[in-house]
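S.K.: Fit chain R to the supplied structure of chain C, relying on the hints for placement.
2 protein chains.
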Amino acid sequence: MSTATDTAETIIFHDGQLDLLDQTKLPTELTRLVCTNIEQAHDAIRRLVVRGAPAIGIAAAYGVLLQGRDADRQAFGEAMDYLATSRPTAVNLFWAMDRMRDVMNSHDDDATLYERLHREAVAIHDEDRQMCRSIGANGAALIQGCRNVLTHCNAGGLATSMWGTALAPIYHLHEQGKAPHVFADETRPLLQGARLTAWELSQAGVAVTVLTDSMSGGLMRSGQVDAVIVGADRIAANGDAANKIGTYPLAVLAKYHKIPFYVAAPTNTFDLKLPAGDQIPIEQRHRDEVARPGGVQFVPDAADVINPAFDVTPAELIDAIVTEKGVIRSPTTETVGQHFAN
Amino acid sequence: MSTATDTAETIIFHDGQLDLLDQTKLPTELTRLVCTNIEQAHDAIRRLVVRGAPAIGIAAAYGVLLQGRDADRQAFGEAMDYLATSRPTAVNLFWAMDRMRDVMNSHDDDATLYERLHREAVAIHDEDRQMCRSIGANGAALIQGCRNVLTHCNAGGLATSMWGTALAPIYHLHEQGKAPHVFADETRPLLQGARLTAWELSQAGVAVTVLTDSMSGGLMRSGQVDAVIVGADRIAANGDAANKIGTYPLAVLAKYHKIPFYVAAPTNTFDLKLPAGDQIPIEQRHRDEVARPGGVQFVPDAADVINPAFDVTPAELIDAIVTEKGVIRSPTTETVGQHFAN
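So the sequence lines, in the order shown, correspond to chains C and R. With full-length UniProt numbering, letter number 250 in the first sequence gets 250, and the count goes up by one each step, no holes. With full-length UniProt numbering, letter number 134 in the second sequence gets 134, and the count goes up by one each step, no holes.
Extracted from the complex, chain C is given alone in its bound form:
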């Protein structure tokens, strides 16, 4: 494991190494973390060096290759099983590992197995770039004309290979010189909005204003938010969507203020085996993320702390889900089913 400081590309795989932009250090340090074995890749995903549902899938796919050119089927299979345990909620991780496993199981030639797996990981990465472009175009139709769009957490380029999901429509409009101003919730506890969304949008030249999560309601009441758009970590067959903690209250507030609420996610974020969102497992993380922001203690030791990383927004609060295939308006089991049947 080593570090370098040359590019802002989220994920690079080169010379048999997984080279990640260390997102835990942004925005004050632009540092890369290079993983050379699966333990390091697992740790990088668990510690959120790389995060965001699509990016986790890509990183894990490349992570399998860290077993090396000479690894056998059993070693690759073990890597897939092991990397799948790095985070529990984002379904893209399991989707990527299933896809790598399917490729391995259907490829009989041991001599070319590494090459075949490498090709599949690159395909997952390439498809993600195309997904960002398509979500950008599909979502832009929904938010064009908005002066101010609010987002939560980071579902931008840092969460994917390129433009992201929730931010893709904004980058799409930005290419035309028509990007709205973006309000970025800081997104406690890990401040991905303050650190990552604010950083990547201002790097790209999109005007962005950071607020604490508690300020969104007042902004909506004063008419300053025209639409809300967020990503997702897992979407059930009925359209219920798990996303970063704090998304559900935003959806309730948007409904109360009659502001459209959109979710943007690739189709591989759907878990069609789950009929509804109440069955999505929610990751519980360490108390220090809440109690010690920036390493400074704020919560006294005598107090308890809860730290669920995600919440589930029921489909009835979601006006539309944007995927690379199009837009699911008023998501239900029927409309989601039709989207996948097309």
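These aren't lab readings, by the way, just hints derived from the structure by calculation. Positions of the beta carbon are idealized from the N, C-alpha and C atoms, including for glycine. Some hints could be false.
To be verified - Footprint (simulated), chain C over chain R, 3 or more residues, beta carbon under 8 Å:
id, region
1, 186–194
2, 297–304
To be verified - One side of the interface only, derived from the structure: several residues of chain R facing chain C at Cβ under 7 Å:
id, residue
3, P27
4, T28
5, L30
6, A71
7, S214
8, G218
9, P249
10, Y256
11, I259
12, P293
M.R.: Same frame as chain C, but now just chain R:
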């Protein structure tokens, strides 16, 4: 200005000095700040060394006396005008300064003016203690039987002379061994919930759990919140209430989940000259409170930041306002008027 470390009393006036528990240092340091002139008192209120609407009023009343025993009417009057500029939203500050000015204007004897002003400041302090007891008893009737009560910011003993306002009913029930478990929103940006509410409740032996502001909605959805109770910094004649930023979205979420939402505040928090809450001035504070929690930079310099310290919750989202005089159910201009007429 000097420091001492002997007591957790919020405000003490002794030997002509204003001795404050430094709330900016809690919970990791129990430190006191002693003010000997009005500039120091103004700075302590502005920097939130002492905060909470009732405590600001008490501290400012004592602050006037820092002009000294030999000060003349003009000097005391200037102190009242000056201290009233330390914070813009909490009406208790202006109420306390008006009360001190009325006493001065009706007291002709210059030789005993300091003594008379001192007696008034002590009366304001003593009345606040009685107010805490009465709000505790009146509010306990509303929340008894609740297993879990959620609060925001700190409207406890640290915000007043004793039990506080929102926390007074909890302390009242705690004396009977019947306190509910308290969920304390951390309350970004200044984390008064994590630092102050969690500290004072755990010091008192009340079970408390800290969560980020973004987690309250999910807790409500899962049925874990039986009531919400908060303080207020200013209440208009129709019952609209200004309180710490993040209160308004909590009220919307409570309404959506059919959870009772209560405001607890003394009658001197009402500003009956204002017909509605949209005329309450909202303090805008420095970007670093959002951008650099704990002194660590999270928001890139290129991004804008907003930092309103308060929001206004409309009366229709408030099930009841608890004062030292009783309970105003379904607050409106009429029911608030009746409460003051009694």
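S.K.: If a hint holds in the structure, say so; if it does not, say that too.
M.R.: Evaluation of the provided hints:
Remark: the region 186–194 of chain R is confirmed as covered by chain C, as 6 of its residues place a Cβ nearer than 8 Å to a Cβ of that chain, reaching the required three. Coverage of the region 297–304 of chain R by chain C holds. Counting CB-CB distances below 8 Å, 7 residues qualify, and the rule asks for three or more. At a threshold of 7 Å, the smallest CB-CB gap from R:P27 to chain C is about 4 Å, leaving the interface hint in force. This hint holds: R:T28 has a C-beta 6 Å from the nearest C-beta of chain C, less than the 7 Å allowed.
For R:L30, the interface hint is violated, since its Cβ never comes within 7 Å of a Cβ in chain C; the closest pair sits about 11 Å apart. A cut of 7 Å between beta carbons decides the hint on R:A71: the least distance to chain C is about 40 Å, and the hint is violated. Hint status for R:S214 relative to chain C: holds, with the closest Cβ pair at about 3 Å, below 7 Å. A hinted interface residue such as R:G218 counts as satisfied when its beta carbon comes closer than 7 Å to some beta carbon of chain C; here the least separation is about 4 Å, so the hint holds.
Interface restraint check: R:P249 against chain C, minimum CB-CB distance 3 Å, threshold 7 Å, status holds. About 5 Å separates the beta-carbon of R:Y256 from the nearest beta-carbon of chain C, less than 7 Å, and the hint is met. Nearest Cβ of chain C to the Cβ of R:I259: about 12 Å, over the 7 Å cut. The hint is violated. Because the beta carbon of R:P293 sits about 5 Å from the nearest beta carbon in chain C, less than 7 Å, this interface hint is met.
Figure legend: structure checked against the earlier numbered hints; hints not met, in rising order: 5, 6, 11.
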